[in-house]
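Listed in order, the protein sequences are those of chains A and B. Going by full-length UniProt numbering, the residue at position 24 of the first sequence is 24; the numbering climbs one at a time, nothing skipped. Going by full-length UniProt numbering, the residue at position 180 of the second sequence is 180; the numbering climbs one at a time, nothing skipped.
Don't read these hints as lab results, they were simulated from the structure. Just so we're clear, the structure is a prediction, and the values are computed from it rather than from any experiment. Do not take every clue at face value.
For the chain B half of the interface with chain A, some residues (derived, Cβ under 8 Å), not all of them [stated by the list, open to error]: (1) 38; (2) 118; (3) 205.
Keeping only pairs whose Cα atoms sit at most 25 Å apart, straight-line, the calculated SDA-like set for lysine to any residue is [claimed, not checked]: (4) 193/B to 233/B; (5) 69/B to 191/A; (6) 121/B to 125/A; (7) 166/B to 79/B; (8) 166/B to 25/B; (9) 166/B to 169/A; (10) 166/B to 146/B; (11) 237/B to 172/B; (12) 121/B to 188/A; (13) 69/B to 118/A; (14) 237/B to 7/B; (15) 69/B to 188/A; (16) 69/B to 217/A; (17) 69/B to 117/A; (18) 193/B to 87/B; (19) 166/B to 121/A.
Using N, Cα and C, we set each Cβ at its ideal position, and we do this for glycine too.
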Amino acid sequence: MSVSAPPTARRPVLMSARIWFALLIFAGFAALPLIAVVTDDPFLLLIGTRILAYAIAAMALDLILGYGAMVSFGHAAYLGFGAYAVAILNSYGVTDLTLHITFAVAISALFATITGAISLRTRGVYFIMITLAFGQMAYFFFVSLSAYGGDDGTPLATRSTLFGSAALEDDRVMFYVALALLIALFIVATRIVGSRFGRVLIGTRENPVRMEAIGLSPFRYQLTAFVISGCMTSVAGVILANQAEFVSPAFMSWHRSGELIVMVVLGGIGNLTGAIGGAVVALLLEDWLAVLTEHWRLLFGVFLILMVLYSPHGITGALERFTRGRK
Amino acid sequence: MSLLSVRNLCKNYGALEVTRDVSLDVQPGELHAIIGPNGAGKTTLIGQLSGQIEPDSGTVSLEGQDITKRSMAERVHLGLARSFQITSILPRFTVLENVALAVQARSGSSFRFFAPVATEKPLNDAAMQALVEAGLADRAGVRASALSHGEHRRLELAIALATEPKVLLLDEPLAGTGGEEADAFIERLRALKGRFAIVLIEHDMEAVFALADRISVLVYGEIIASGTPDVIRNDPKVRAAYLGDEEAA
Chain A
1 MSVSAPPTAR RPVLMSARIW FALLIFAGFA ALPLIAVVTD DPFLLLIGTR ILAYAIAAMA
61 LDLILGYGAM VSFGHAAYLG FGAYAVAILN SYGVTDLTLH ITFAVAISAL FATITGAISL
121 RTRGVYFIMI TLAFGQMAYF FFVSLSAYGG DDGTPLATRS TLFGSAALED DRVMFYVALA
181 LLIALFIVAT RIVGSRFGRV LIGTRENPVR MEAIGLSPFR YQLTAFVISG CMTSVAGVIL
241 ANQAEFVSPA FMSWHRSGEL IVMVVLGGIG NLTGAIGGAV VALLLEDWLA VLTEHWRLLF
301 GVFLILMVLY SPHGITGALE RFTRGRK
Chain B
1 MSLLSVRNLC KNYGALEVTR DVSLDVQPGE LHAIIGPNGA GKTTLIGQLS GQIEPDSGTV
61 SLEGQDITKR SMAERVHLGL ARSFQITSIL PRFTVLENVA LAVQARSGSS FRFFAPVATE
121 KPLNDAAMQA LVEAGLADRA GVRASALSHG EHRRLELAIA LATEPKVLLL DEPLAGTGGE
181 EADAFIERLR ALKGRFAIVL IEHDMEAVFA LADRISVLVY GEIIASGTPD VIRNDPKVRA
241 AYLGDEEAA
């Protein structure tokens, strides 16, 4: 690999372990429709599609939170842009999925460029607060958009079409399209992280002054990552709208932004796989605990505290310790 | 024309004048040492040369081009690199990655999103070359946070070398090292001398007088003397202000 340098055995092993975890999760997802048939529970597919959407969003957030130390507390806005892209284009008779995604990505790129450029003038808590403020601005914009139901939202007449066919009306097709999008974006994100750009981004997380001193101003790289992350998140919004066949500003409330951060932290920040795992665990727990008691948030809170206390690197951190301990 | 030229640089922190009308010139290939007692404003001066600190007035020029308003990153691309007195590296990167990133910064765009950087041979080769020159090649695959203090100082040097500077600003590269480590570092700098100009801030007088072509003495933000090591050694003002006690010892 790297010239005459001594082999850097430790890191590639870690890296591939994370890829393996991701592959396991994807395999689990791929088998879900089968499980739905066996257990005769079609609802499972809808839950699965929802989890896939949040997995994409959490992974996109991890790209800037984990690799760039940018804690965005307004990322739900991009879920909203994705969802409303579907609703708005549908109302004009444009139903193609690729066009929905293109529109969502374009709007998100614009919003992320403007708000990111302003937010990145701040650091730490101020960055969190200013991204929250921009997120809320987007939220209230859609609350006041009465043509699309305002606060109440609006149902979708149809799901997106796929190259002219209504295939997505089938929950299984919808599910596999979502899974394909997650895997594609996971590959893209993994490549970005290992690229020249990714190395600069991680460097800005580690030591921005050092980056300046070798001739790289962090701002433009951080902003680019912020825009990429926002655009990826909007794809999750497109899926969510289609899954629910309904859009409302609730997709973009600040609670959602908080939940995305919880998913990333729960899974383990800065390794992409963790965010996906975090989304799976958080949403499954939510479903199961909600069956047990209406005070499920309390139980979830306890679980979260225990995770942070005993496994600060999240689920992937715990899994890694486990697999390494067994060797 | 001087390679690096500083004219009438002034910087105040409130009522405190940390840089007082400083002018100095650095010729190509020259090693120009700046010495002075603690608190004389040496690091602040380096900060203004490197672009980390903005001067209140005065100019800094590189190859005749006024760079006073240029950012630190822009100056690096023009050929002005610096090392830090307090080690400033990327702790979770390997030693090789730390240096390869500096090579990347000067060679080609960093807006490449898809090709894996870890296997870019030209980057790793150039980084390895800098590590050899800094005496750290055998530690290339180690995480930077695992290095000893002396090795950190060498990594600082390797990163600065990897930017291929025309002028290298070294802020106390020997800080905290001693004995053999310091001697080896001095030899390394001697080997590098002449390839580019060096502005060296250093407390180790042995190192300064062994390496410098020219020495400027900074006291309370002001250059009180400038000249060859022999001239400085015999300057009565310098002896009184700074070298006096050391000569007596």
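Hint by hint, here is what the structure shows:
1. Proximity of residue 38/B to chain A is violated relative to the hint, the smallest CB-CB distance being about 23 Å (cut-off 8 Å).
2. For residue 118/B, the interface hint holds, the least distance from its beta-carbon to any beta-carbon of chain A being 7 Å, beneath 8 Å.
3. With 8 Å as the threshold, the beta carbon of residue 205/B stays out of range of chain A, its nearest partner Cβ sitting at about 27 Å, so the hint is violated.
4. For a cut-off of 25 Å, the pair hint linking residue 193/B to residue 233/B stands: about 22 Å separates their Cα positions.
5. For a cut-off of 25 Å, the pair hint linking residue 69/B to residue 191/A is broken: about 37 Å separates their Cα positions.
6. Restraint check for residue 121/B and residue 125/A: the C-alpha separation of about 40 Å exceeds 25 Å, so the hint is violated.
7. Pair hint residue 166/B plus residue 79/B holds up; C-alpha atoms about 5 Å apart against a cutoff of 25 Å.
8. The straight-line distance between the Cα atoms of residue 166/B and residue 25/B is roughly 14 Å, inside the 25 Å bound, and the hint therefore holds.
9. The suggested pairing of residue 166/B with residue 169/A is violated, with an alpha-carbon distance near 64 Å, which exceeds 25 Å.
10. For the hint pairing residue 166/B with residue 146/B, the CA-to-CA distance comes to about 31 Å; that exceeds 25 Å, so the pair is violated.
11. The hinted pair formed by residue 237/B and residue 172/B meets the criterion: a straight-line CA distance of about 24 Å does not exceed 25 Å.
12. Annotation: proposed proximity of residue 121/B to residue 188/A holds, straight-line Cα distance about 22 Å (limit 25 Å).
13. Distance check on the hinted pair: residue 69/B and residue 118/A sit about 23 Å apart at the alpha-carbon level, within 25 Å; holds.
14. Between residue 237/B and residue 7/B the CA atoms are separated by roughly 22 Å; this keeps the pair inside 25 Å, and the hint holds.
15. Straight-line distance between C-alpha atoms of residue 69/B and residue 188/A comes to about 38 Å, which puts the hinted pair past the 25 Å bound.
16. Distance check on the hinted pair: residue 69/B and residue 217/A sit about 15 Å apart at the alpha-carbon level, within 25 Å; holds.
17. Between residue 69/B and residue 117/A, the direct Cα distance comes to roughly 22 Å. Compliance with the 25 Å bound is thereby established for this hinted pair.
18. Annotation: proposed proximity of residue 193/B to residue 87/B holds, straight-line Cα distance about 22 Å (limit 25 Å).
19. Restraint check: the Cα-Cα separation between residue 166/B and residue 121/A comes to about 32 Å, which exceeds 25 Å; the hinted pair is violated.
Consistency with the previously given hints fails for numbers 1, 3, 5, 6, 9, 10, 15 and 19, ordered from lowest to highest.
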